[in-house]
Amino acid sequence: MTIHLSLLLWLPTIAGLIGALLGRRQAGGVALVGAALALAYAIVAVTRFKSGGGLQFVTDEPWISALGTRWKLGADGLNLFLVLLTTVSFTASTAWAARKGGYDRPRVFFFWMGLAHSAVLGALLAQDLLLFTVFFDLMLVPFLFLTGMFGGEDRVRAVVRLFIYTLVGSLLMLAAAIAFAVLAAGDQPISFVFSDLAARGPIANGSQNWIFLCFAAAFLIKMPAFPFQGWMPDGYLNMPLPVLAVFSGVLSKVAAYGFLKICLPFFPHASAHFQTLVLLIALASILYGSAMAFTTTNTRLVLGYSSVAQLGFIVLGIFSLRPEGAQGALLQAVNHGLVVVPAFFIVGLLAARAGSDDLRDMGAGALRAPVLAALFLVVALATLAMPGSSNFAGEFLILLGVFRAKIVIAIVAFAGVAMASVYMLRMFIRAVHNPAGAGMESLELSAGDGLILVPLVLTIVALALYPQVALVRSERAVGAAVAAVGTGPVQSATAARLAESGGAP
Amino acid sequence: MQTFAWLILALPLAGSLITALGYKLWPGRLPGVIGTVAIAAAFVCTVLTLIKLQDLDPEHRQVLFVGWDYAATFGVDAEISILIDPLSLFMALVVTGVSTLIHLYSISYMWSDKGYARFFSYLNFFVVSMLVLVLAGNFLLLIVGWAFVGAASYLLISFWYRRTTATRAGIKAFVINVVGDIGLILGTYFIFRNSGTLDFFGTFQQAGSLPEGDLTAGCILLLVGAFAKSAQIPLHTWLPDAMEGPTPVSALIHAATMVTAGVYLIARMWPLFEHAPAAADVGAVIGAITLLVAATIGLVVTDLKRVIAYSTMSQIGYMIMAVSAGAYAAGLFHLMTHAFFKALLFMAAGSVIAAMAGEQNLDRMGGFRKAMPFTFACFVIGGLSLSGVPPFSGFFSKDEIIALMGERGGWHWILFVAGYVGSFITAVYTWRMIFRAFWGEPVAEALELQRGHLHHAEVHRNPATGEEEDTDVGFPGSEHHIAEREWPMKGAMIVLAVGATALGVLQLPFHTTDVVDNFLEPTFRGSKYFGALDPSDGFTTIGLVIGAVLGVAGIAIAYRIWVQKPGTSARVQARFAGLHRLFANKWYFDDLIDVVVVRPFGWFGRFGQQTFERVFVQGTLVGGTTSIVRAGSAAVRAMQSGLLRAYAALLVLGALVVVFYFLAQS
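Heads up: the sequence lines are chains A and B, in that order.
Following my numbering, the numbering of the first sequence begins with 1 at its first residue and continues without gaps.
Following my numbering, the numbering of the second sequence begins with 1 at its first residue and continues without gaps.
Isolated chain B, as found in the complex (with noise of 0.2 Å):
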């Protein structure tokens, strides 16, 4: 097992290293081959490693493997280790698994890019950090997998980097990750100052026993860990504009993988959770408004794959609120069967936007369901599963979340209703998505597509700014791919909208199936919550139908909106202006930070090189010092010939001087 799971690490990590080392060398399509081949063997040793695992007795599922003492020194055990149980290989499975696909997916989609090489080595680079992060046995490591992935995500969303907007996003990205970073590093000092171990094992046996000033504490810093990594409230804004990224990242990155790290985070930690329970309501939460806040922002975007990233930053606000109110199955099961429906709903977009030429605007899109049908089916099961429609996945595991949050009672009906609430919205929005970008009169690029003729943009516009671009390397190339002709597209959304029809039968209503509940359970062994929140058959039968009825009707007002009546949208817009300016304006989100974070730095900077540099250090400090001097320095304007020994000679000079004052005292 041991072989397995180091494997696991080393094959992405060899397929990065392959593919940039060898950017001259591999023709063709070899780099997207050998950097698929890596990701697949490595599913294919976390499948065998999980096989090793489920030979063990239940109570032995957790086996921890140390590689070498990494910065150990005076009672910090920092030390490389893995940690092999059934949360880190559910993770793992889903990354991997989703990553395979995605990388199948970009052999075609990426082709014509100049940049081919590159992608696949980020693309597997981003694979090794997620699988350190989740693979990681101590805090350290876990840091460690945390900041890869934020530098993976930078350098994938700036991947097109002559483009300003680009590189700005990724700035913005990384750095609001670095925070992130933080608040887990300041969050291990609390844990760790009690508990004197980094090691998650050691930490957690000691949970019960930690002062609760400081677990909470601790516990909330993590909690800006996970906000910043899985755009939670305020720490969201990086997503939508990490949306300038190729649509492959925004499918695996951005919206299946390292996005959900702070769902895990949360449940990996429940020992520290359940004992801080403030800590575990401020994410439960935040995670409810993320999760309205970020649906009403997508009903109002026009970016195609930004309405996709709202509505990622409100799912995810759907898993955080899970995991951290106790409901760690149903969060993680969610967390399995959104990767799969959105991974395809943004892969489908890739297509859209591939048929569009790069255009991402959904007001130049409409009528594109006959021009792709394949695509169409895709975005349609993608979003039924979404919308939380039976008997989709996103149906099942949406509605154990809510049911969960019932039973918990108290003020948890609170989150239970917001949970509705969004499921409406979720519907909505979703479709209003698909009905603009499918249904209507067919733009050009559909009546085109529909002749059999794949539109190529002959100008090159960046689609946030509008600017012209060339098309060096850099930027996509002047080949577009869209899924109805390449079987590594159309292969990769096959088996996602299988995952995302199905993969409900894991884990069905009334104990039906538990397959999700029954792995991850020797992983949760001694919890308050798992297993112990269990909503009658007459809670969870209500569930089901509310939630079904509430997709259903979002539907049917997203059609009656921008099918029946294509007028009815300007009407609602200008009935509710204020609440549009509010939802349009991203409820003012990067304003404030603007205000409150950016300026003030820039500011101080500013004062600093312009004002204090300059009149204090400059003007007094060492203007003061030099007129002392004043004599001297004329001399040394002359130094080529030969002042400057003079100096080193007074240098000298004025040592002894001070010797002998002292030689003479004593």
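Just chain A, with the same shape it has in the complex (with noise of 0.2 Å):
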């Protein structure tokens, strides 16, 4: 069976359209049908996935040749497990979405859930600069869309941020994108596509740094990293909750990916002059983020704070601009995803048992409801980055890099990872344990709930036990994306080319 990566993309729209057109009743239905095949669809292009192959499942098709853009997607090491992650994401909150209800709109929300799903998928697989630069932009409408017909109060507030701080950051990626092909093509005829890119050589070193800097900053935003993080709050918490749980869960990491997959091949000289700078946003992200969740009382900014943290460790990983520190971000990425979407519905949970979502609200949550107070301590230990879980994995090839790299921040860096035991531990003792709140009513997990939190914890689980499962997969492309700004300008165009085409030069 081949592979096509064009049907996995639309699958989740497509359905969406189906079930917009089918009625109110089949909406949410047909959407997780459509989320759940792409999943389906993705489990199998993991397990054909070559695991030292190269690009694989290339779609190539002309797309706006004017422009020197092609419709060209594929799977390598970088996208493979993310594109795993997205499709898990989609399908289990397409699932929360779908049991939950309530949406007075359901055929409105399914779409846009379908699209947004599609064109995170999109931004993944696209292997043209151009293409990668649509879908980035094209996934931050749908969730405007899904805030501001279906969040919370403060909604509108909520999307004016959101949207202006994105917009600022996607702006800055396209006139970067499009004045990198430019000063790439030289004398050639522009194109969009990665591998005439890396073909082509890197610019000059003046244009890198300033095209990565433009780059960084959209990534840096669409994570966010201190101090970019002022939509944060309030989109946090004016998203519907399974909104937010994909919101938090995948896009970040396109983000992440952004950066590896964009900014070490194509501008190894400018990643290399800003290693310390952008070290230093990350150790800041770390610091800042862990403080404010181990001080807020809101639950949702608990974890939006905590993930502002978790994004530090990965782009830490990912600058220590060392192949195990880039291993160890990809995982994490895959992890902190993991770990975030059943984190946020069983918050969700939670605030619905509490009637707010105030963790002075709460407390005693694990009395008539063991089985939800157990899923939330392996969810909570597994963020913390408890050894023996995956996200310890990746944490410890991130600080490993890192401690190779830059001594001193690997070693403040480690507050980091004390503080997240702080502000885990006291969410989750304030939540369920502790003396009830007032309004606290401990229910346990229904076995809808538990139809979708379960099989999320049990894959927490089993990457725990075996994260070498994505990091072989992974091995290759890490490899040489970290290789193009370690070996130098001239030698980094080949290590780029040979990540692309998959062969030996």
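A hint or two may mislead.
[Unchecked claim] Interface residues of chain B toward chain A, partial, derived using beta-carbon atoms under 10 Å:
| # | residue |
| --- | --- |
| 1 | Tyr-154 |
| 2 | Leu-155 |
| 3 | Arg-163 |
| 4 | Ile-182 |
| 5 | Leu-186 |
| 6 | Phe-601 |
| 7 | Gly-602 |
The set of hints was computed from the structure by calculation and includes no laboratory data.
Idealized CB from N, CA, C, for every residue including glycine.
Mind assembling these two chains? They're in different frames, but the hints should get you there.
In structure tokens, the structure reads:
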């Protein structure tokens, strides 16, 4: 069976459309089927993926030839598990939304969910810079509508902030992408295809620097990293829960992926030049995010700020510019997505029992709900990267890479490891332990909720036992991306081309 | 051997899962039985592995079994591998052996608790974690086991999870243990960046050629891990608070097994520490300081379990001092005897606390001698062993450590003296506790028990704060169980009492018996100190006599102060008010950590929350950007009427403008 990535990409949108046409009551179910089919297809792709084989399942069609851009999709070690994470997260969130219901326009809701799913897959699978940029911007549109139409009280402010921030990033990135293609082309016709860009070699150092900064700004805003997190609190407080789960679980990972896929291979000089700056931003994100997470009482914001910190670790790993650090970062991107989705669901269930998102209103949630508390415990321990979890394997490699590259930054970053245990356990204890809050009613997980949560938690456990499954598949691509920086501008093109073509020189 | 070795880990894991998953299904005491059988089976497997190992030649008694690649990439050889050698099996034997007894005890002791199945699931999980820790064949798995025991300890400390005192103690223990984990990880990094392997054997083979600076830094960081886990100064403050957990937990985790992990770590890393003498000295000195400081606090604490907790700290100080100074076998021998007599003391204390219906304050106790003869006998045996009175096991193991400190010579003489001073204080605080609980006028609970009726509190109170609590899930139930009436408790305590009395025969002075030494020899082959430190018979004799005299003298003084002249204690307190305040405030370590660590972090968080986020991020960054598009945002307020679409269109339009701009330029 050949894997058609275009089919994988559009499946969720098509399902969303069909569901919308069929009617209110079918919309959720059909969207869920679409997402689940995409998940199944992604699993097949992972099983058929050849670990050392470079870019695979390539689709390469002409798209806008006047602009030199092609409809080129492909899977390599960098995006394979992120694609799987995306389909897992969207399937779980769509199921959660379909189960909880309560949206006054379900057809619109599930259509936007499907489109968001496709857009994320598109950004991950794109092997063309313009295509990547288009999907990267397209990702935002469904979330603006989902928040604006179905969000909480302050949804207007949330949408405005989200829009302004990411618009700035998007425009910078678009400009940078075009400038890069033009500069790289020289006398040749313009092409946005990654393999062409790699073959043409890196551009002049001065241009690399500002183009790199534009891309970096876009990615850091999307994550968000400190100090670009201004949109995050309103966004997190007002998004509908299933939307928030995918937003936090997946979108930030596309930004991290962007660093590995674009910045390191194409701007090797700039990546090395700005290494310390980016590392310091990452470190500030870790420390600031952690400190905020252990002082806020809103459960959504605890998870939000903890994501700021966790994304800080991921950026730290990538910009260690060492292969083991980048491997850890990529693994951690998958891990964080896998823990944050169930974490949001669990927090949502507890908020429903307490009648509020606030930790001060919770307490003793474990009293009649041992299963819910146990699931929460696994998720919380994985989030704080307890050794034995896959998150720890990722963090271990990240910090090892940074330790070898910049020892002082690594040592300071360990403060974030300790703080993670404080904010996650604090949330766990205040939500399900301690005396009960005023309105808190401890109820066990319902079977339907369990059907969604338990597989997610089992996935975390399975990956904890064998993170190698992801590492072995990404080793080659990550090695090539990092080698591009490490071995200087001349050889970097060769390395990037190697990663693309999948053959020996 | 491989099958048995893996089964050691698999059986408690299975026990933990079975008791957890069947929490609604298992009737009556079945979860307790399942848990106990699982650990007992693991003990049997350990013995079988041991037998197979002893069949091998001594030089081949170090076997590594590799399971699977865990996170191996780019030269980081992170795999799942377990190491079977005399040291790891020694630890596994102590862990599974003592655990079996404590599980057995818990079948009765925890019976009326609403979280019965949960308790055994956690307890089994702890045993798996501890076994991963001691059987790990590389640094990565060691770190995993290290953190797992921390998590198990957290779960069990906050077992009564609706008590805020318990959850606070839990998070404190967890976070301090994470600090230890970080020390361990960073130490591993320092070593790994030179050795290029995470494997123990691979690292040890290169121990001599690693750069000294990195090796010393690495070893000191490993010590941070050891100090956090083994409650050594200054990372000890979690252990007394950990007494919030049920008493069997205190016996198993916070006395016999987990807290000795630091001792194991230093012994396991002996090739590294022998090449980093500066780090080893740090370990020895901190061990000595801890043994003295903890002993002095033990003199004044009034909570029965906390006295034993400080005693544990102090005794582990001896062990850390021993293994850091090269007295490996002596340190490990003391680890074993301590596991027996300390677990016994905790179990006996649990029985007393049950008779007091949860009350732990020594001031409220008294006169239990007649009411609880069996518990009393166990307490006395444990106390004699702890005080180092011959011929109990603690006497031989402690004196061997102290003698070897003298044998090292040089500044180690200070440690030698510290050991004897600590030994004297140990006898005093141990017997202060025993005299106050068992001598004197019987309290109401004791009298009630003498009449054959076990006291049960009508109103449940938190022993730490006196707050009233309900007896719903999460609190000890209405019934309490004492050793006198329950054969599982009695049986477990008898076995431990026999061990606490007689285990000394394994390693008698003057090389009369050398079982521990001979057994451990393959692990320590090539060591500078193992076997080389051998005090002369005359020196040993003097040491033994001093030890015995100090132990008996301590008991005599305690008898004089707390039995013969009951007012003496108050007079001494008044006379040395400053010293008493220092001890009673636990040398102000909690306050110090609060000022140096907790408050700055809290301040930083609040500053971020209240000032930075509000003024800078929301005010300047967001406000500034927002005001630029104020006109636009006014339109967005009417978004539901469809203006959002206009925004989306604007996004596309803006993109197109930029596209054309650049196309025009090229």
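Consistency of the hints with the structure:
1. Tyr-154: holds, 8 Å
2. Leu-155: holds, 8 Å
3. Arg-163: holds, 8 Å
4. Ile-182: Holds, because the Cβ-Cβ distance from Ile-182 (chain B) to chain A comes to roughly 5 Å (cut-off 10 Å).
5. Leu-186: holds, 7 Å
6. Phe-601: With Cβ-Cβ at 7 Å, under 10 Å, it holds.
7. Gly-602: Given a least distance of 7 Å, the restraint on Gly-602 (chain B) holds.
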